[in-house]
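Peer 1: Take the sequence shown: its position 50, counting from 1, is numbered 50 in the numbering used here, and each next residue is one higher.
Some clues are possibly wrong.
[To be verified] Calculated cross-link-like contacts (lysine-lysine; reagent style DSS-like; alpha-carbon spacing at most 27 Å):
#1 K112 with K75
#2 K77 with K112
#3 K132 with K77
#4 K132 with K30
#5 K112 with K30
#6 K56 with K75
#7 K77 with K56
#8 K132 with K75
#9 K112 with K56
Don't read these hints as lab results, they were simulated from the structure.
Predicted, not measured: the structure shown is a model, and the values here were computed from it.
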Amino acid sequence: MLSQLERLSRAADGRYATDEELQFIDDYMKTYSLRLQTYQRLQDVEAEIVQRVYAKMRSIDPNLFMNGSEDISAKWKRDTILVLRYSAVALLLNDPDTLCERLLFWLQTVMKAFGAQRSCRITYEVMQDVVKQQLSPPQASLFCSILEVNCRLLGIS
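Make a model of the complete structure from these sequences and hints.
Peer 2: Put into structure tokens, the structure is as follows:
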């Protein structure tokens, strides 16, 4: 939404915006209630989502949380919570572009440097399954579209 408003501001500089240019605001307003409910639900179940993702990933491959001989579970949890919270804001504002620009592109570079793409891919694949158990189908559908972006950007080799 913020990215779209910024683009609209530049495009309509010195003139009134057209109905077509304003359509995204109408679309946003139609989904606002669902976005707010989903955001609030994510806030309520954040710890459970992270714990379930962690447990499922450990069952898939316990070595996902190892960097050599170092257990990086705490780092994984911190990063996962950070991305989850930014993703929730992106969902609320309908602004995945800002999520990418402010966090994911930077984090992508870091994850590549540490060779953590596989862990990231599995994290956000598993998180989609967990979210589907924690949210209503419409909420999960909305949020999983954001998680797919996370998976695609952070999980690439």
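Peer 1: For each hint, tell me whether it holds in the structure or not.
Peer 2: Evaluated hints:
| no. | hint | verdict |
| --- | --- | --- |
| 1 | K112 with K75 | 15 Å, holds |
| 2 | K77 with K112 | 18 Å, holds |
| 3 | K132 with K77 | 20 Å, holds |
| 4 | K132 with K30 | 22 Å, holds |
| 5 | K112 with K30 | 38 Å, violated |
| 6 | K56 with K75 | 17 Å, holds |
| 7 | K77 with K56 | 13 Å, holds |
| 8 | K132 with K75 | 25 Å, holds |
| 9 | K112 with K56 | 23 Å, holds |
Hint 5 from the list above is the single one not met by this structure.
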